[in-house]
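Chemist: Build the full structure now, drawing on both the sequences and the hints.
Here are the chains, one letter per residue:
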Amino acid sequence: MSIWEEHPLARRFWKEGRADFPIYDMHGHMGSLNTIHLARAEADQMVAHMRRIGVKHLVFSHHHALFEPSFRNVRAWEICRNHPDILRMYVAINPHYPDHIREDLALFDSWKPFAVGLKLLPDYHQVPLNDRRYEYALRFAAERKLPVLSHTWGGSSCNGYPQLAEVIHKYPGLIFFIAHALFGDWEGAERLVRESAGNVYLELTALPGERGLLERLTASVGSERLLYGTDLPWFDEYQVVGGVLSADITEQDMRNIFYANVERLLGRDW
Amino acid sequence: MRELFFYDSMCAVGLPLTGGTAATTPDELHKEMDRYGIDKALVRHINLPNINAELSNEIVAEFVGNDHSGRIRGVWCILPEQCEELPKPDLLFRRMGESGIAALTLAPFSHRWIPCRLTIGRIMDAAAERHIPVLLDNFTGRWQELYAFLKEFPRNITMIQDRSKHGPDRLIRPLLEAYENLHYVISCHWVPEGIRDLAERYGAERLLYGSNYPIFSQGSMMLSLKQSGLPMDEIRKISGKNLENLLNGAQL
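Those protein sequences? They're chains E and G, same order as listed. Just so we're aligned: 28 in the working numbering is position 28 of the first sequence, and the numbers increase by one with no gaps anywhere. Just so we're aligned: 134 in the working numbering is position 134 of the second sequence, and the numbers increase by one with no gaps anywhere.
One or more hints might be untrue.
[Unchecked claim] In silico SDA-like pairs for lysine to any residue, Cα to Cα no more than 20 Å straight-line:
(1) E/Lys15 to G/Gly229
(2) G/Lys40 to E/Ser2
(3) G/Lys165 to E/Glu210
[Stated by the list, open to error] The following residues of chain G were derived to be distant from chain E, with all beta-carbon distances above 12 Å:
(4) Asn50
(5) Glu62
(6) Leu86
(7) Cys116
(8) Pro168
(9) Leu175
(10) Glu193
(11) Ile195
(12) Arg206
(13) Met221
(14) Glu244
No lab work stands behind these hints: they were computed from the structure. C-beta atoms are modelled at their ideal positions from N, C-alpha and C, and glycine is treated no differently.
Modeler: As structure tokens, this is what we get:
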């Protein structure tokens, strides 16, 4: 029998398209992008896609807030208010605009419950993660124990292992989500989790579907350290869920990835 | 599950040159296929870009020859005709038929030749006459060369894929629009509901399920196709019927 017949979770998604538990998608975006035709990049389309598979919350940073400095985070907050049950946001941090950072973080509390953390994009902003221009935002997050999702990639000179290790060591209070799990530098990703004080998580965008990776990370750091993410509107929720279900890991590992880890961290009502 | 027949169009086997794991025997591949409910697979050699076509063809023929289930068919690689490294088309195709080989591929960028009419015009024309599919997996990411190649060989039945994970619609849609014999393997088409978009625009007949095993898990795209929102008869075409028809249509 195939996994789609044999495994309860896989069977459920195969037959009904959704499970009886929530999915928390911890890495999303929104809006058009220069390099890709994204047919479903606006809130209504994304929400419709997510409702089909049972995503309870997507935490996103708006593409435009990340790539166009005149597009401020308040606009992402306004979008969240139109979809209050499902959309949550990371405040996009551009280290080249310290005034924007201070202004936006001054509003952070007023943007709750929609604002839940910060998003950093060092490779694209071309400022290494350990640069002092991130300090204000990182201190802000550490003091409030807010999640920080940073783009990472193996071998990067802005968000590779050395920069991550320095920041994680410097801010032990930070809840740090390593986006893409330091893609390609799996040993580095594993070391970051192992050497942390339990505050570091590997976010899985772009990994599910890659043969053997989830098995490796589950064995090395434990599924309790893995978070589900899709980069939506880049990747189809069903592809990513299918990638998790296809991995040779236990049902509890899958549940940890889809929702249990996030609920342990943020609760059920956020 | 058996409501759908899956034929994996993009599957590589053998001992990978740079390490890692892949099926080295039909039994190993069957085990992987059975885990996900894949019925059949079209296989090519994993080290093809790095080894000679003749050796690759020999290894694939042996692999397929050791499969007694009838679930596996192979892909052979071609080379420029002028060096006479492979038999002439008639003999090559006959040997393909005898060896369970159902499609052709080419690796010009690592085998150091130019993919054009001058180099492989005769064999490509013969393949077009006999409806033998040609996998263009080694053109992945080389869009300018792919555009030029398809312009030279529009009559051939061709199959392409993308491996970048960046939605390739801007690159792939013009080709699907221009070349009716072109088929797109969905192995890395991870765009939300993108399979449905392509099927509605160009027809489900133009899309093929493929996993890109062993890089990707064979199961990963199955759920995405099943839950694509397409009618079940369209999903059936993409999951296996289209490839089965293409391979059965080849006159070998």
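Chemist: Work down the list of hints and note, for each, if the structure agrees.
Modeler: Hints, verified against the model:
The hinted pair formed by E/Lys15 and G/Gly229 meets the criterion: a straight-line CA distance of about 13 Å does not exceed 20 Å. For the suggested pair G/Lys40 and E/Ser2, the alpha carbons sit about 14 Å apart, so the restraint of at most 20 Å is met. The hinted pair formed by G/Lys165 and E/Glu210 meets the criterion: a straight-line CA distance of about 11 Å does not exceed 20 Å. With a least beta-carbon separation of about 20 Å from chain E, G/Asn50 lies farther than 12 Å from that chain, consistent with its non-interface assignment.
No beta-carbon of chain E comes within 12 Å of the beta-carbon of G/Glu62; the shortest separation is about 24 Å. Against chain E, the non-interface label of G/Leu86 holds: every CB pair exceeds 12 Å, the least being about 32 Å. Residue-level check passed: G/Cys116 sits 29 Å from the nearest beta carbon of chain E, beyond 12 Å. Here G/Pro168 does not stay apart from chain E, with its beta-carbon only about 8 Å from theirs, under the 12 Å limit.
Remark: the non-interface label on G/Leu175 is consistent with the geometry, its nearest Cβ contact in chain E lying 14 Å away (cut-off 12 Å). Non-interface call for G/Glu193 relative to chain E: violated, since the shortest CB-CB distance, roughly 6 Å, does not exceed 12 Å. The beta carbon of G/Ile195 sits about 8 Å from the closest Cβ of chain E, which is not more than 12 Å, so the claim that it is off the interface is violated. Every C-beta of chain E lies more than 12 Å from that of G/Arg206, the closest at about 17 Å, which supports listing it as non-interface.
Distance to chain E contradicts G/Met221 as a non-interface residue, since its nearest Cβ pair spans about 6 Å, not more than 12 Å. Non-interface call for G/Glu244 relative to chain E: holds, since the shortest CB-CB distance, roughly 19 Å, exceeds 12 Å.
Hints 8, 10, 11 and 13 from the list above are not met by this structure, while the remaining hints are.
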